[in-house]
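These protein sequence lines map, in sequence, to chains C and Z. Residue numbers for the first sequence, in the working numbering: 1 to 527. Residue numbers for the second sequence, in the working numbering: 1 to 103.
By construction, these hints were calculated from the structure, which means they are not laboratory data. Treat the hints with caution; some may be incorrect.
[Claimed, not checked] If you only want the chain C side, here are some residues facing chain Z, beta carbon under 7 Å, derived:
#	residue
1	Leu485
2	Lys486
3	Ile494
[To be verified] Between beta-carbon pairs, the in silico distance windows are:
#	chain 1	residue 1	chain 2	residue 2	range
4	C	Leu511	Z	Lys79	37 to 45 Å
5	C	Glu498	Z	Thr89	25 to 33 Å
6	Z	Glu90	C	Met34	23 to 31 Å
7	C	Glu29	Z	Glu90	52 to 60 Å
Since the structure is predicted, the reported quantities are computational estimates derived from the model, not experimental observations. No residue lacks a Cβ here, since even glycine has one placed at the ideal position from N, Cα and C.
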Amino acid sequence: MRTKEQHIQLVRQAVGWAYSQLNWLTDEEAILAMEDREQLLRALSGKVNDSFMQNKLHLGALSPGCVNCGNGTWSCLFLNGLCTADCFFCPQDRRMTEERPPATLSNIVFHRPEDYADFVQKVGYKGVGFSGGESLLAYETLLSFIREIRKKLGDDIYLWIYTNGDLVDENKLEGLKQAGLDEIRFNIAGRGYTLRPVELALKFIDTVTVEIPAIPEDFEVVKDAIGAMEHIGVHHLNLHQLLASPYNYSALAHRNYTLLHELVGDAYTPYSNWVPVLDSEMTALRLILYAVRNSISLPINYCCQAYKSRIQGRGHRMRAASLAQNAFEDITDSGYLRRLMVQGTPAMMEHLEGVFAATGSPDNLWALNEDLSGLSIHPSLLKYVDIESCRFTLSYFLPHLHDANQPLPPQTAGTNNSLVTTSYFKADLYDDADSEETIQGFVLNPQRTLSIARYPIAEYHGLSMVMIKSFQSLFIDKMNQREVLKWFSENYDISTKENIQDMAREKDILLNLSTWEQVPSGFPEIY
Amino acid sequence: MDATTDLNAVYAPSKDVVTREFDKELIIIPLVSGIGDTENELFTFNDAGKAIWDKLDGKRNLEGVVKELSAEFEDLGEKLGEDVIELVTELLRRKIIVEIPRA
Numbered sequence: 001m002r003t004k005e006q007h008i009q010l011v012r013q014a015v016g017w018a019y020s021q022l023n024w025l026t027d028e029e030a031i032l033a034m035e036d037r038e039q040l041l042r043a044l045s046g047k048v049n050d051s052f053m054q055n056k057l058h059l060g061a062l063s064p065g066c067v068n069c070g071n072g073t074w075s076c077l078f079l080n081g082l083c084t085a086d087c088f089f090c091p092q093d094r095r096m097t098e099e100r101p102p103a104t105l106s107n108i109v110f111h112r113p114e115d116y117a118d119f120v121q122k123v124g125y126k127g128v129g130f131s132g133g134e135s136l137l138a139y140e141t142l143l144s145f146i147r148e149i150r151k152k153l154g155d156d157i158y159l160w161i162y163t164n165g166d167l168v169d170e171n172k173l174e175g176l177k178q179a180g181l182d183e184i185r186f187n188i189a190g191r192g193y194t195l196r197p198v199e200l201a202l203k204f205i206d207t208v209t210v211e212i213p214a215i216p217e218d219f220e221v222v223k224d225a226i227g228a229m230e231h232i233g234v235h236h237l238n239l240h241q242l243l244a245s246p247y248n249y250s251a252l253a254h255r256n257y258t259l260l261h262e263l264v265g266d267a268y269t270p271y272s273n274w275v276p277v278l279d280s281e282m283t284a285l286r287l288i289l290y291a292v293r294n295s296i297s298l299p300i301n302y303c304c305q306a307y308k309s310r311i312q313g314r315g316h317r318m319r320a321a322s323l324a325q326n327a328f329e330d331i332t333d334s335g336y337l338r339r340l341m342v343q344g345t346p347a348m349m350e351h352l353e354g355v356f357a358a359t360g361s362p363d364n365l366w367a368l369n370e371d372l373s374g375l376s377i378h379p380s381l382l383k384y385v386d387i388e389s390c391r392f393t394l395s396y397f398l399p400h401l402h403d404a405n406q407p408l409p410p411q412t413a414g415t416n417n418s419l420v421t422t423s424y425f426k427a428d429l430y431d432d433a434d435s436e437e438t439i440q441g442f443v444l445n446p447q448r449t450l451s452i453a454r455y456p457i458a459e460y461h462g463l464s465m466v467m468i469k470s471f472q473s474l475f476i477d478k479m480n481q482r483e484v485l486k487w488f489s490e491n492y493d494i495s496t497k498e499n500i501q502d503m504a505r506e507k508d509i510l511l512n513l514s515t516w517e518q519v520p521s522g523f524p525e526i527y
Numbered sequence: 001m002d003a004t005t006d007l008n009a010v011y012a013p014s015k016d017v018v019t020r021e022f023d024k025e026l027i028i029i030p031l032v033s034g035i036g037d038t039e040n041e042l043f044t045f046n047d048a049g050k051a052i053w054d055k056l057d058g059k060r061n062l063e064g065v066v067k068e069l070s071a072e073f074e075d076l077g078e079k080l081g082e083d084v085i086e087l088v089t090e091l092l093r094r095k096i097i098v099e100i101p102r103a
C-alpha cells in the first residue's frame with residue numbers, strides 16, 4: 001500500500017513540468033476540503049445509494065449500462081478520434097485530424113464488426129458503449145457494429161452510445177433504434193446544456209441519459225437543467241468528475257481548479273498522467289444534494305475517479321484474468337492473478353504431490369517447477385500442506401488482453417504507472433513490459449487471434465507458514481484483520497533475534513498484500 | 001494531541017497490541033497501524049520496564065502503580081516515580097496503553 005508521500009511523488013513524476021503550474025492543496029486546505037465533503041456526505045446520508053463496494057454514490061436507479069460497468073461486464077469501443085466540438089474540459093488529444101479505426105481502451109483495433117462481436121461474446125461482455133471522439137461522425141461504422149453485435153448476441157447485450165448531440169437528427173435516431181441501440185448518452189456541457197437533441201432522442205430511443213462533467217462554474221445552470229430534464233422525461237443524469245490531462249492542464253489551471261493526488265490510469269490505459277479535479281467532486285455532490293432537497297425524481301449518478309480506478313479497473317482485470325488463469329492460480333478480489341508456491345527440496349515436493357493426490361484433488365490444482373524446488377498450489381490445497389518448515393512464495397500478475405500486432409500503451413512499459421512503487425521484504429518487483437511472463441493466444445475466429453499477457457507485478461519469497469496461514473485467513477477466508485494479526489503475532493516463531501525482524505517485515509507484507517487483494521471503498525482521502 | 005498522564009487515571013494495555021517475550025525482553029507488537037511502532041521499530045521492555053508494564057493492568061490508578069513499585073524497588077527512591085510517569089506518557093503517546101474510562 002502506498003503512503004501519501006509516495007502518491008504525491010508519483011503524481012509529480014507523472015504530471016511532469018506542468019505540476020508547478022497547477023493548483024494543489026496545502027495540508028490545511030486538504031483538511032478543510034475533507035470537512036466540506038464530509039458535511040455534504042452527511043447531508044446525503046440515507047437518501048442516496050452507495051453501490052459497488054461503496055465506490056459509487058447515486059440517487060435512484062443506475063442505467064443498465066452503468067450496472068454493466070460496475071459489474072465489469074462492459075466494453076467500450078472508441079469509433080474514431082474526431083469530434084465536432086472543442087470543449088475546454090476534454091482530456092483527449094484534440095489535434096487529431098485523421099480518422100482512427102475503432103479500438104478498445106487497450107488499443108485492440110477492430111476493422112471488422114464481426115471480429116468485435118466475437119470478441120464481445122467470447123470475453124463475456126454484457127454491455128457495449130460506443131464512444132468517439134464524436135460517435136455520430138462515424139455513423140455508418142456505428143450502425144454496422146451495432147447490427148453485427150445484435151445479430152450475434154440478440155437481447156443478451158445492452159448497447160449505448162456517447163454523443164455531444166451536434167449531429168443528432170430524426171433519421172439517425174430512427175436508424176440507431178432499428179439497428180438495436182438501447183441507450184443514448186448526451187454530453188451537452190459543450191453546447192450550453194441545450195436539451196433540444198435530448199428531447200428529440202426521447203421520441204426514438206428507450207433510454208436517454210445526460211452524461212456531463214460536473215463543472216463548478218456551471219452549478220446554477222445545471223441546477224436549472226436538472227428540473228428541465230426531469231420535466232421532459234430524461235431517464236438518467238450521470239455526473240462525471242472532471243479530469244486533468246496534458247491536453248487540458250492549461251485550461252483547468254486558467255479556471256483555478258484544484259487537482260488531487262490520485263492517479264487515473266492503470267497499467268493498460270494511456271492515462272497515467274491524468275488526475276481528478278476536487279472542485280468537480282464538490283459540485284457533483286452539491287447537485288445531488290440539490291436534487292434530494294427538491295425531491296427531484298431524476299436518477300443522478302456521480303461517476304467519480306475513485307470509482308473508475310477501483311471498479312472499472314478491477315472489471316477489466318477480472319475479465320482478462322478469467323481468460324489467463326491456470327487452475328492452480330486464483331483471481332484476487334481486485335482482479336489480479338495470484339500464485340502461491342511451496343518451496344522446498346525435491347523430496348518435500350514429491351511428498352506433497354503424494355499428499356495432494358491422496359486427497360483426490362484434481363491434479364491441475366498443482367504444478368511442479370522445472371527444477372523441482374517449488375510446487376505452485378491452489379490455496380484450497382493449503383490445508384494439506386503438512387510440512388511446517390517449508391517456505392512459500394506469493395506472486396501477483398496483472399492480466400492483460402491485447403492485440404499482439406499493436407504496441408502496448410506506453411505507460412505499460414513505463415515506471416510511473418500504478419503497478420509497483422514500493423519495495424518489500426524479500427520481494428522481487430517488476431515494472432516493465434519485458435518481464436511479461438507468458439503470452440497465450442485468444443482465438444476470436446479463424447481470421448483473428450488476440451493475445452493474453454500476464455505481467456508479474458510483485459513476488460514475495462521465503463514466507464513462513466504462519467504468514468501464509470494468516471494470508472489465507474485474511475484474504476481467502478475473509479476473517480477479521482485484527483483477529484488474524486493477533487493470531488499471527490502470537491504464533492510467529494521468535495526463537496532468534498532475526499526472527500523478530502522477520503516477523504515485523506512479514507506483518508508489513510501481510511498488510512501490503514491488500515494492494516493486490518482488495519478493492520478500497522469509500523471516498524479517498526483528499527490531498 | 002499529546003497524551004497527558006494523570007496520576008488518578010487507570011491504564012491498561014491497548015487491545016490493539018500483543019506482547020511476546022524473547023531473551024528476557026518483552027516485545028510489544030501492534031495489530032493496527034499508528035500504534036507502537038511509530039518509528040517502524042518494535043517497542044521492547046527490559047526487566048524494569050516489564051515490572052511497570054505488569055502493573056498497568058487496569059486494576060489500579062497510576063498513583064497506586066508508583067506506590068506499589070516504590071515498595072518493591074525501595075533502592076530506586078524518588079526517581080522511580082519520574083521514570084514511571086515518563087514511560088507511561090510514552091506508552092500513551094504510542095497508544096500502546098489506554099486510559100480506562102472512570103465509572
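Given hint C/Ile494 near chain Z, where the shortest CB pair must fall under 7 Å: 5 Å, holds
With chain Z as the partner, please determine if C/Leu485 meets the hint condition of a C-beta pair closer than 7 Å. Interface hint status for C/Leu485: holds (4 Å vs cutoff 7 Å).
Between the beta carbons of Z/Glu90 and C/Met34, is the distance compatible with 23 to 31 Å? The hinted range 23 to 31 Å holds for Z/Glu90 and C/Met34, with Cβ atoms some 30 Å apart.
Could you tell me whether the CB distance from C/Glu29 to Z/Glu90 stays inside 52 to 60 Å? About 33 Å separates the Cβ atoms of C/Glu29 and Z/Glu90, which means 52 to 60 Å is violated.
Assuming the hint says 37 to 45 Å, is it satisfied by the Cβ distance from C/Leu511 to Z/Lys79 or not? 40 Å, holds
Verdict for C/Glu498, Z/Thr89 (Cβ pair) under range 25 to 33 Å: 32 Å, holds
Cut-off 7 Å, beta-carbon criterion: hint that C/Lys486 touches chain Z: 6 Å, holds
Hint compliance for this structure: hint 7 is the single one not met.
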